[in-house]
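S.K.: Chain residues, written in single-letter form:
2 protein chains.
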Amino acid sequence: MSQEKPLILVTNDDGITAPGIRHLIEVMNELGEVVVVAPEGAMSGQGHAITINNTLFLDEVKIDNGPQKEFKTNGTPVDCVKLAVDQVLPRKPDLLVSGINHGSNSSINIIYSGTMSAAVEGGIEGIPSIGFSLTTYKWDADFTAAKHFVRLIAKEVLKNNDNLPQPFILNVNIPYLPLEEIKGIRVGRQANAKWIESFDRRVNPHGREYFWLTGEFVNFDQGMDTDEYALQNGYVSVVPVQVDMTNYKLMEKLKNWKLEDE
Amino acid sequence: MSQEKPLILVTNDDGITAPGIRHLIEVMNELGEVVVVAPEGAMSGQGHAITINNTLFLDEVKIDNGPQKEFKTNGTPVDCVKLAVDQVLPRKPDLLVSGINHGSNSSINIIYSGTMSAAVEGGIEGIPSIGFSLTTYKWDADFTAAKHFVRLIAKEVLKNNDNLPQPFILNVNIPYLPLEEIKGIRVGRQANAKWIESFDRRVNPHGREYFWLTGEFVNFDQGMDTDEYALQNGYVSVVPVQVDMTNYKLMEKLKNWKLEDE
Numbered sequence: 000m001s002q003e004k005p006l007i008l009v010t011n012d013d014g015i016t017a018p019g020i021r022h023l024i025e026v027m028n029e030l031g032e033v034v035v036v037a038p039e040g041a042m043s044g045q046g047h048a049i050t051i052n053n054t055l056f057l058d059e060v061k062i063d064n065g066p067q068k069e070f071k072t073n074g075t076p077v078d079c080v081k082l083a084v085d086q087v088l089p090r091k092p093d094l095l096v097s098g099i100n101h102g103s104n105s106s107i108n109i110i111y112s113g114t115m116s117a118a119v120e121g122g123i124e125g126i127p128s129i130g131f132s133l134t135t136y137k138w139d140a141d142f143t144a145a146k147h148f149v150r151l152i153a154k155e156v157l158k159n160n161d162n163l164p165q166p167f168i169l170n171v172n173i174p175y176l177p178l179e180e181i182k183g184i185r186v187g188r189q190a191n192a193k194w195i196e197s198f199d200r201r202v203n204p205h206g207r208e209y210f211w212l213t214g215e216f217v218n219f220d221q222g223m224d225t226d227e228y229a230l231q232n233g234y235v236s237v238v239p240v241q242v243d244m245t246n247y248k249l250m251e252k253l254k255n256w257k258l259e260d261e
Numbered sequence: 000m001s002q003e004k005p006l007i008l009v010t011n012d013d014g015i016t017a018p019g020i021r022h023l024i025e026v027m028n029e030l031g032e033v034v035v036v037a038p039e040g041a042m043s044g045q046g047h048a049i050t051i052n053n054t055l056f057l058d059e060v061k062i063d064n065g066p067q068k069e070f071k072t073n074g075t076p077v078d079c080v081k082l083a084v085d086q087v088l089p090r091k092p093d094l095l096v097s098g099i100n101h102g103s104n105s106s107i108n109i110i111y112s113g114t115m116s117a118a119v120e121g122g123i124e125g126i127p128s129i130g131f132s133l134t135t136y137k138w139d140a141d142f143t144a145a146k147h148f149v150r151l152i153a154k155e156v157l158k159n160n161d162n163l164p165q166p167f168i169l170n171v172n173i174p175y176l177p178l179e180e181i182k183g184i185r186v187g188r189q190a191n192a193k194w195i196e197s198f199d200r201r202v203n204p205h206g207r208e209y210f211w212l213t214g215e216f217v218n219f220d221q222g223m224d225t226d227e228y229a230l231q232n233g234y235v236s237v238v239p240v241q242v243d244m245t246n247y248k249l250m251e252k253l254k255n256w257k258l259e260d261e
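Top line first, the protein sequences correspond to chains F and P.
Residue numbering for the first sequence follows numbering that gives the first Met the number 0, beginning at 0 and increasing consecutively.
Residue numbering for the second sequence follows numbering that gives the first Met the number 0, beginning at 0 and increasing consecutively.
Derived by calculation from the structure, the hints in this document are not laboratory data.
For chains that are exact copies, the list does not tell them apart, and a pair is met inside one copy or across any two.
Keeping only pairs whose Cα atoms sit at most 25 Å apart, straight-line, the calculated DSS-like set for lysine-lysine is: (1) Lys137 / Lys182; (2) Lys182 / Lys257; (3) Lys257 / Lys154; (4) Lys146 / Lys182; (5) Lys68 / Lys154; (6) Lys4 / Lys257.
When you get a sec, could you build the whole thing from the sequences and use the hints?
M.R.: Now the structure itself:
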C-alpha cells in the first residue's frame with residue numbers, strides 16, 4: 000500500500016440509510032478515504048443479481064456531516080460495486096467493506112445475501128473485500144461491539160494489503176452480544192446448513208392466492224470449526240470465501256461415468 | 000430410484016415461454032413425469048436472488064399439448080425451486096433441470112446466472128440438479144444438438160440416481176455447433192475468468208443520466224481442463240458444482256494472522 004490514505008469502498012444491501020452502513024462508514028472514516036455506493040432501498044436476498052434488463056441511476060447524496068463521498072443507486076449490491084469501479088472511483092480501492100448487515104450471513108446464507116455478493120464481486124474485481132453482519136434484525140441494534148471488531152479486522156486486512164492472495168474475501172459474522180461477552184475471533188468454514196422453506200399462503204382482497212417466503216434455518220453440521228459453532232459460542236466468525244464453485248471431488252468421480260457419446 | 004416414472008422438475012431464467020425451456024420440457028417428457036415451475040418473464044442475471052420483501056403468485060398454465068403440469072410465478076428462478084418443493088410437488092423430485100439457457104453460463108457466469116442458481120438451490124434441497132446452457136443468445140437457435148446432449152446427460156444422472164453424492168449439481172454448457180461438429184463431452188473445472196464492465200452512460204428525455212450495464216468477458220485461464228477450453232474446442236462442458244464457498248487455502252493462512260483481540 001502506498002503512503003497515501005487507503006481508498007475504501009463501502010456498500011451494503013439494506014440501503015444507504017440503514018443504521019448498519021452508517022456505523023460502518025463511521026469506522027471506515029477513521030481508516031481511510033471513504034466512497035459509498037449503495038442501494039437507495041432494501042436489497043436483502045438479492046444474491047448475486049445484476050441489472051441487465053433495466054437501466055441504473057447513480058446520484059450523489061449527502062446524508063450526514065462525515066467526510067465521505069456518497070452515491071445511491073437503484074441497482075443491486077453487485078451493481079453498486081460494478082458502478083463504483085467503472086464510474087465513481089479514481090483507482091482500484093484498497094478495501095471494499097459491505098454491511099454491517101442487519102442479520103446473520105453465516106453458513107448457506109452467503110449464497111442468498113446481497114451483502115456477501117457485493118463482497119464476492121469485490122473479490123472477483125481483485126479488491127480485498129469483507130462482508131460484515133450482525134446477528135440481529137433489530138433496526139436500532141447496539142453496534143458498539145460490532146464496530147470494535149469491524150475496526151480490528153479491517154485494520155488487519157489493510158496492514159497486510161500488499162501480501163494478499165486473490166481473491167481475498169471474508170465473511171465476518173458478529174454475535175449480537177455486549178463487547179465484554181464476546182470471546183474473540185474464530186477463523187473457520189461455512190457450516191453445512193440450509194433453510195427449510197414453508198410458504199405462508201394467503202388470499203388477496205381480489206381473491207387471488209399469494210405467498211410469502213418464510214422458513215426455518217437448520218444446521219446439519221456438528222463440526223466445531225464452523226461459523227455456526229463460533230457464533231453459538233460467543234465468537235466472531237471469519238470465513239474466507241472463494242469464487243471457484245467447482246466440486247473437485249465430484250469432478251474426479253464423474254470422470255468414471257460413461258458421458259462420452261458412444 | 001423406484002419403479003415408478005422419475006419425477007422431474009423443470010425451471011429456467013429466460014421465462015416459461017422461452018424456446019430453451021420448451022425444448023427442455025420436450026426432452027424431459029421422454030424421461031419421466033414433468034412438472035414445470037418457471038418465471039413468467041425474463042429473470043436473467045438474477046443470481047441467487049430470492050423474494051423476501053414482496054409476495055409471490057403461482058398460477059397453473061397450459062402452454063402446449065404436452066403431458067407436463069406447468070406453473071408460472073412472478074418470482075426468481077430460486078423462488079421457483081422453493082415454491083415447487085414446498086407447494087407444488089407431491090414428493091422430492093428425482094431430477095431438477097434448469098434451462099436450456101439462451102447464452103453461456105460457463106466460468107464466473109455461474110455466479111450471476113439465474114439458470115445455475117436454480118440448479119444450485121436444487122442441490123441445496125438434496126435434488127440431483129443440472130443447469131443446461133447453449134452458447135448463443137439467438138432466440139430462434141437450433142436446439143437439435145443441445146437436445147441430444149441434454150437427453151444423454153439427464154439419462155445418465157437418472158441411471159445413477161441412487162448413488163449420487165450430495166450436493167449433486169452440474170453446470171452443462173453446450174457449444175452452438177451442428178451435432179456432427181461437437182467432439183464429445185468434457186468434465187472439467189470453472190475457468191478463472193471475469194467480466195470487465197463498462198457502463199454505457201446515457202441521458203434520458205428528462206435530462207437525467209442513466210446507465211446500461213455492458214462488459215467484456217476475459218479469460219485469464221490457460222488450463223486445458225476448464226469449461227472455457229472445452230467450449231472453445233468444440234466439446235460440451237460439464238462442471239460439477241459445490242455450495243461450500245469456504246476458501247480452505249486462505250483459511251489456513253488466516254490462522255497465522257493476529258486476529259485475536261490481544
